[in-house]
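**Q** As a plain string of letters, each chain reads:
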Amino acid sequence: MDITPATAASPPPLAGGPAPAEQKATTRPGDRIFLALSRGSGILLLVIMAAIAVFLTVRATNALSHNEGNFFTTFEWSANSTPPVFGIAVLAFGTVVSSLIAMLIAVPVAIGIALFISHYAPRRLSTPLSYVIDLLAAVPSIVYGLWGALFLVPHLGGLYGWLNDYFGWTGIFEYHDGAARSLFTIGILLAIMILPIVTSVSREVFLQAPKMHEEAALALGATRWEVIRMSVLPFGRSGVISASMLGLGRALGETMAVATVLSPSFEIGTSLLDPGGGTFAQNIASSFKESGEIGKDALIASGLVLFVLTLLVNGAARLIIARRKEYTA
Amino acid sequence: MSGVTMNKPLVADSAPKAPSGLHQPRLPRWAPAALALGAAAVGTGIGIGAGLGSHVQWGLLAAVLYVAGMFALAARVEGRRQAKDRLATSLVWVCFLIAVVPLVSLVWETIARGIKVLDGNFLSHSMAGVLTIQPGGGVYHAIIGTLEQVGIATAIAAPIGLLTAIYLVEYGRGRLAKAVTFFVDVMTGIPSIVAGLFVLSFWILMMDNGYSGFAGSMALAILMMPVVVRSTEEMLKLVPNELREASLALGVPKWRTILKVVLPTAIGGIATGVMLAVARIAGESAPIVLLVFGSQLINNNPFEGAQSSLPYYIYEQWAAGNEASYDRAWAAALVLIAFVMILNLVARGIARWKAPKAGR
Amino acid sequence: MAKRIDVSGLNAYYGSHKAIDDISMTVEPRSVTAFIGPSGCGKSTFLRTLNRMHEVTPGGRVEGKVMLDDENLYGPGVDPVSVRRTVGMVFQRPNPFPTMSIYDNVAAGVRLNGDRVRKAELDGIVEKSLKGANLWNEVKDRLNKPGAGLSGGQQQRLCIARAIAVEPQVLLMDEPCSALDPISTLAIEDLIGELKEHFTIVIVTHNMQQAARVSDRTAFFNLAGVGQPGKLVEIDDTERIFSNPSVQATEDYISGRFG
Numbered sequence: 001m002d003i004t005p006a007t008a009a010s011p012p013p014l015a016g017g018p019a020p021a022e023q024k025a026t027t028r029p030g031d032r033i034f035l036a037l038s039r040g041s042g043i044l045l046l047v048i049m050a051a052i053a054v055f056l057t058v059r060a061t062n063a064l065s066h067n068e069g070n071f072f073t074t075f076e077w078s079a080n081s082t083p084p085v086f087g088i089a090v091l092a093f094g095t096v097v098s099s100l101i102a103m104l105i106a107v108p109v110a111i112g113i114a115l116f117i118s119h120y121a122p123r124r125l126s127t128p129l130s131y132v133i134d135l136l137a138a139v140p141s142i143v144y145g146l147w148g149a150l151f152l153v154p155h156l157g158g159l160y161g162w163l164n165d166y167f168g169w170t171g172i173f174e175y176h177d178g179a180a181r182s183l184f185t186i187g188i189l190l191a192i193m194i195l196p197i198v199t200s201v202s203r204e205v206f207l208q209a210p211k212m213h214e215e216a217a218l219a220l221g222a223t224r225w226e227v228i229r230m231s232v233l234p235f236g237r238s239g240v241i242s243a244s245m246l247g248l249g250r251a252l253g254e255t256m257a258v259a260t261v262l263s264p265s266f267e268i269g270t271s272l273l274d275p276g277g278g279t280f281a282q283n284i285a286s287s288f289k290e291s292g293e294i295g296k297d298a299l300i301a302s303g304l305v306l307f308v309l310t311l312l313v314n315g316a317a318r319l320i321i322a323r324r325k326e327y328t329a
Numbered sequence: 330m331s332g333v334t335m336n337k338p339l340v341a342d343s344a345p346k347a348p349s350g351l352h353q354p355r356l357p358r359w360a361p362a363a364l365a366l367g368a369a370a371v372g373t374g375i376g377i378g379a380g381l382g383s384h385v386q387w388g389l390l391a392a393v394l395y396v397a398g399m400f401a402l403a404a405r406v407e408g409r410r411q412a413k414d415r416l417a418t419s420l421v422w423v424c425f426l427i428a429v430v431p432l433v434s435l436v437w438e439t440i441a442r443g444i445k446v447l448d449g450n451f452l453s454h455s456m457a458g459v460l461t462i463q464p465g466g467g468v469y470h471a472i473i474g475t476l477e478q479v480g481i482a483t484a485i486a487a488p489i490g491l492l493t494a495i496y497l498v499e500y501g502r503g504r505l506a507k508a509v510t511f512f513v514d515v516m517t518g519i520p521s522i523v524a525g526l527f528v529l530s531f532w533i534l535m536m537d538n539g540y541s542g543f544a545g546s547m548a549l550a551i552l553m554m555p556v557v558v559r560s561t562e563e564m565l566k567l568v569p570n571e572l573r574e575a576s577l578a579l580g581v582p583k584w585r586t587i588l589k590v591v592l593p594t595a596i597g598g599i600a601t602g603v604m605l606a607v608a609r610i611a612g613e614s615a616p617i618v619l620l621v622f623g624s625q626l627i628n629n630n631p632f633e634g635a636q637s638s639l640p641y642y643i644y645e646q647w648a649a650g651n652e653a654s655y656d657r658a659w660a661a662a663l664v665l666i667a668f669v670m671i672l673n674l675v676a677r678g679i680a681r682w683k684a685p686k687a688g689r
Numbered sequence: 690m691a692k693r694i695d696v697s698g699l700n701a702y703y704g705s706h707k708a709i710d711d712i713s714m715t716v717e718p719r720s721v722t723a724f725i726g727p728s729g730c731g732k733s734t735f736l737r738t739l740n741r742m743h744e745v746t747p748g749g750r751v752e753g754k755v756m757l758d759d760e761n762l763y764g765p766g767v768d769p770v771s772v773r774r775t776v777g778m779v780f781q782r783p784n785p786f787p788t789m790s791i792y793d794n795v796a797a798g799v800r801l802n803g804d805r806v807r808k809a810e811l812d813g814i815v816e817k818s819l820k821g822a823n824l825w826n827e828v829k830d831r832l833n834k835p836g837a838g839l840s841g842g843q844q845q846r847l848c849i850a851r852a853i854a855v856e857p858q859v860l861l862m863d864e865p866c867s868a869l870d871p872i873s874t875l876a877i878e879d880l881i882g883e884l885k886e887h888f889t890i891v892i893v894t895h896n897m898q899q900a901a902r903v904s905d906r907t908a909f910f911n912l913a914g915v916g917q918p919g920k921l922v923e924i925d926d927t928e929r930i931f932s933n934p935s936v937q938a939t940e941d942y943i944s945g946r947f948g
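Residue numbers (this note's numbering), protein chains in the order written: chain A, 1 to 329; chain B, 330 to 689; chain C, 690 to 948.
No lab work stands behind these hints: they were computed from the structure.
There could be a bad hint or two in this list.
Claimed, not checked - Quick list of in silico lysine-lysine cross-link-like pairs, BS3-like style, CA-CA up to 25 Å: (1) K413/B <-> K808/C; (2) K920/C <-> K707/C; (3) K808/C <-> K211/A; (4) K834/C <-> K808/C.
As the list claims (entries may be wrong) - Incomplete in silico selection of chain C near chain A, CB under 10 Å: (5) L801; (6) G813; (7) A852.
As the list claims (entries may be wrong) - Derived Cβ-Cβ restraints for the label pairs, each shown as a range: (8) S453/B <-> I268/A: 45 to 55 Å; (9) A508/B <-> Q208/A: 27 to 37 Å; (10) Q208/A <-> E633/B: 43 to 53 Å; (11) A370/B <-> I268/A: 19 to 29 Å.
As the structure is a prediction and not an experimental result, all values here were calculated from the model.
Don't be surprised by glycine CBs; every beta carbon is placed ideally from N, CA and C.
With the hints as constraints, model all of the structure from the sequences given.
**A** If you want it as structure tokens, here you go:
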């Protein structure tokens with residue numbers, strides 16, 4: 001330990017343990033400055049959060065006061081015309097639908113991979129595999145977007161034609177030939193993007209499942225799957241839910257990958273496979289450069305809705321995590 | 330309480346329904362592999378026979394065939410419980426393969442297509458005077474932009490994040506600390522585009538500043554702060570309390586204890602956390618689109634005028650929509666991935682190198 | 690129906706490390722056999738080879754023969770899942786499934802069997818097993834409460850009930866009382882005395898008084914040094930082991946001269 005002569009000399013050493021030292025701490029100038037700095041940083045963080053809410057709200061109100069359409073139900077985004085008419089209905093639909101598709105695909109697969117790593121794969125494979133998954137979580141979203149637009153889209157046409165042949169009658173899977181730059185493709189791409197994060201959180205939870213309960217199940221003559229069903233899944237359930245919520249939060253806010261792949265339009269079609277639709281984040285990025293002042297404010301208003309949406313989702317995830325901590329403690 | 334006598338003979342004596350013994354009919358060990366090969370062959374066969382255009386379908390067919398075949402086979406030979414176990418095992422394997430295919434393809438495509446135009450010239454030139462439909466040009470200006478923007482963002486976010494974490498771990502009690510903890514969580518979930526909109530609204534729309542690298546840095550800093558706080562907090566919590574008490578008991582003031590004892594002990598983990606946060610924001614493109622605006626030229630001044638950045642460059646080249654620009658987009662993607670991966674590997678390297686120290 | 694266990698030439702490994710070396714012994718049916726010895730001597734590892742639980746640990750590997758009457762547990766074509774169904778196990782720390790009720794815990798193993806068990810039949814099995822574990826009177830009014838709400842001793846008896854519900858031939862106990870208070874320990878020891886009427890019981894214990902109290906035969910394990918594999922020193926009637934063992938090391942251990 002490093003004690004300079006000055007500090008070693010000043011107070012009577014071992015006078016009374018940490019408590020008096022802490023009392024003294026507030027009187028010492030060095031301590032006061034340090035505390036002020038660190039507390040100030042914490043406060044600054046709160047200020048930034050407050051500022052985000054305030055500034056977004058102010059600009060959003062400005063846009064809404066000029067809006068001639070209904071902000072929630074209008075199927076149009078003409079924020080730069082006079083008078084401006086815009087509504088988020090299409091964006092909300094596209095955001096929610098593409099994220100839900102992503103969840104439907106990603107969560108089961110992520111659980112599968114997490115179980116693969118934690119309980120099925122030989123150890124030689126599982127360690128490098130979890131490492132690779134962590135690295136994939138760091139691949140920038142724009143790269144996913146580029147890959148999605150130039151590689152995934154051309155490869156999905158055949159599959160969509162097939163879906164159309166067999167399930168086209170549902171309306172949802174109707175597909176007319178063309179680039180597969182649709183909400184469904186976005187859903188698949190988002191699923192691939194959130195897969196690493198959902199997998200790595202689920203894997204952690206599965207690995208934490210108490211060995212003793214697994215052994216209890218084994219000793220009763222359970223097969224590997226029965227062991228997992230009896231002792232791993234019940235333990236990991238809340239962890240998987242919160243991991244999925246974190247993934248959902250990312251999917252909702254994903255911008256560039258969607259902006260790169262989707263071919264946007266301001267209508268809601270029944271088919272998920274045909275191009276069209278939009279999401280909050282994609283619309284902001286795509287319409288930004290052609291927007292004037294009101295147009296930008298209108299985008300900010302839609303951003304505020306997205307902000308609130310992700311706050312709710314993340315809040316729910318935190319709540320589940322907190323409750324689980326109580327449960328296990 | 331142990332006085333309950335057993336009137337009836339216990340279970341083991343009663344029903345001798347145990348099946349003939351411990352031997353159960355099992356499928357041979359090579360069965361799954363053989364079936365997988367068979368399913369792949371049939372999937373390919375059907376794919377070619379029916380003229381299915383995309384390989385995605387072939388794979389899906391083979392996967393469904395394998396899972397169903399394994400289940401049926403096991404149900405016939407080994408019984409229902411084993412069949413369920415086999416079903417779970419094959420599903421888990423299929424999940425793994427389903428996930429590996431796109432992720433490997435992503436990395437492969439980026440490398441294979443990116444390597445084409447990636448050379449010294451590409452790294453050392455900007456797009457000045459290059460038409461988007463022409464081959465040539467490079468990412469130099471974008472690299473400069475990314476380095477400056479990420480550097481400034483780190484310079485803002487790292488100290489604030491670090492100090493906030495110190496406050497939470499070393500001083501934080503009471504309502505303020507609770508509020509900070511809560512809002513750090515909230516902040517972690519902010520979509521990057523929203524952070525961009527915020528800086529847009531106050532820095533550019535309200536205070537009437539122009540688009541600049543610095544504006545982008547502020548948005549990146551907002552995204553980076555909570556990540557730094559979280560990881561630093563975790564690391565500081567790992568420092569054993571005895572170390573702090575030992576130092577305080579020697580009469581070392583608290584701030585010196587933190588600076589000289591706590592931080593050095595946790596420095597490896599903190600550095601790792603900061604590096605990972607840097608890696609994360611280096612790939613952010615959404616706020617850049619809103620705040621930095623993009624440029625074809627080298628602009629070394631992050632505080633004045635539009636800049637480019639690697640993620641933005643990829644987007645721009647993709648949007649240009651021709652073969653030459655796609656090549657540049659892939660090459661830039663390769664540069665970006667390499668940059669992010671190197672940061673990640675270095676961060677993990679630091680973590681491993683410093684790890685035993687933290688445990689001491 | 691309890692069966693005899695006949696072990697010959699058994700080695701167990703963790704990866705390349707040999708944990709137990711060349712063990713041969715016979716465990717008599719309807720009796721209690723206690724394993725004693727210093728920490729790390731491989732007695733728990735050996736216990737886990739008797740129901741093929743050892744190979745579950747990463748790197749775990751077994752050589753040799755374990756005959757259950759006339760069937761080799763490690764013979765070709767033997768299904769470890771069926772082995773564990775025939776040879777039940779109770780662990781050091783009580784481990785009822787936390788998300789299941791008392792009833793579901795006891796029924797867990799039976800339900801695994803797959804063939805639809807009728808509710809009435811299952812009720813009967815649960816009651817019989819809980820009675821067999823001397824727990825019925827304490828829990829009969831709260832069978833639907835979580836098993837984790839019971840006291841440590843009750844939880845351990847719940848685990849015993851769970852183990853005997855699937856009608857095993859052999860019951861292995863790995864230091865079943867080491868996490869319990871003296872009164873709960875006594876209850877379990879009494880229970881062991883009753884259970885041996887119907888099962889072959891093998892118990893690992895650190896407590897020599899316990900071994901002397903509950904067991905008919907005692908096996909003493911030892912190891913030559915740290916990192917060396919554990920060996921069986923001797924196995925004999927408990928009375929003899931504690932009064933007049935044939936090996937000096939056993940006497941040293943029992944009289945507290947080491948270990």
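**Q** Hint by hint, where does the structure go against what was stated? Just the numbers, ascending.
**A** 3, 6, 11
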